[in-house]
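Asks: The primary structure of each chain is shown beneath.
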Amino acid sequence: GIQVEQSPPDLILQEGANSTLRCNFSDSVNNLQWFHQNPWGQLINLFYIPSGTKQNGRLSATTVATERYSLLYISSSQTTDSGVYFCAVGRGWNTDKLIFGTGTRLQVFP
Amino acid sequence: KAGVTQTPRYLIKTRGQQVTLSCSPISGHRSVSWYQQTPGQGLQFLFEYFSETQRNKGNFPGRFSGRQFSNSRSEMNVSTLELGDSALYLCASTPGGPPPDTQYFGPGTRLTVL
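As they're listed, the protein sequences go chains A and B.
Counting in my numbering, the first sequence runs from 3 upward without gaps.
Counting in my numbering, the second sequence runs from 30 upward without gaps.
Since the hints were made in silico from the structure, they are not lab data.
Among the hints, a few may not be true.
Chain A stretches covered by chain B per the calculated footprint, using a threshold of three residues with CB under 8 Å from any CB of chain B [stated by the list, open to error]:
#: 1; segment: 43-49
#: 2; segment: 84-96
Beta-carbon label-pair distances, calculated as ranges [to be verified]:
#: 3; chain 1: A; residue 1: 46; chain 2: B; residue 2: 89; range: 22 to 30 Å
#: 4; chain 1: A; residue 1: 66; chain 2: B; residue 2: 47; range: 39 to 47 Å
#: 5; chain 1: A; residue 1: 3; chain 2: B; residue 2: 128; range: 14 to 22 Å
#: 6; chain 1: B; residue 1: 49; chain 2: A; residue 2: 82; range: 33 to 41 Å
#: 7; chain 1: B; residue 1: 111; chain 2: A; residue 2: 80; range: 37 to 45 Å
#: 8; chain 1: A; residue 1: 56; chain 2: B; residue 2: 109; range: 42 to 50 Å
#: 9; chain 1: A; residue 1: 80; chain 2: B; residue 2: 67; range: 25 to 33 Å
Values in this document were obtained by computation on a predicted structure and should not be read as measured data.
For every residue, glycine included, the Cβ atom is placed at its ideal position computed from N, Cα and C.
Sequences are here, hints too, so could you generate the full structure?
Replies: Quick look at the structure:
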């Protein structure tokens, strides 16, 4: 099956700093999503981005499908950005099944 | 629109018992997927339902089963509970496609097996 690797596993930042999270996957995909899991366990969808670049406020993401990686950029980080960021991928046209990476744990201090 | 809801939010059971978890998708969504999250194994796909049919299944023992009703609500059942079944169980919904689409997750059910 597809392998999904995320780096770094842990990230500690001060408020205001920028960061880049990386997701590598081992095979072609037609579904790639980034999620933020808050301390209460809720998974929030950030981007649906099987290819290309998207931006939403301080967050942006880029997926280079031909090279099998995706990047999530967080600018001017805030304490509320703390949590675990997951990349998840899927294959197949008629399924929403996702394979998750192991996540990047982000801690933002004031 | 209301989001994905899951009930109950917390559950404590003992080994050998069975449990049923419920998931109500976003109105109009026809696909429901279930995931198990544990500290050791991370987030793992359990199964996916679309229009009352199981469309995909993960690598879990037969003790884990699910179903979907005509209103798209879904339930999952775990029989003969083991300590290792303690986990956060998450469900997600999408319109159902194809193609694949953004998944919206519920708040989860935290199951503790004693």
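Asks: With reference to the structure, classify each hint as holding or not holding.
Replies: Hints, one by one, checked against the model:
1. 43-49: Answer holds; 5 residues pass the 8 Å Cβ test.
2. 84-96: holds (count 6)
3. 46(A) / 89(B): 22 to 30 Å: Between residue 46(A) and residue 89(B), where Cβ atoms are some 25 Å apart, the hint holds.
4. 66(A) / 47(B): 39 to 47 Å: 46 Å, holds
5. 3(A) / 128(B): 14 to 22 Å: Cβ of residue 3(A) to Cβ of residue 128(B): about 20 Å, so the range 14 to 22 Å holds.
6. 49(B) / 82(A): 33 to 41 Å: 35 Å, holds
7. 111(B) / 80(A): 37 to 45 Å: 41 Å, holds
8. 56(A) / 109(B): 42 to 50 Å: Cβ of residue 56(A) to Cβ of residue 109(B): about 44 Å, so the range 42 to 50 Å holds.
9. 80(A) / 67(B): 25 to 33 Å: The hinted range 25 to 33 Å holds for residue 80(A) and residue 67(B), with Cβ atoms some 29 Å apart.
Of the numbered hints listed earlier, not one is contradicted by the structure.
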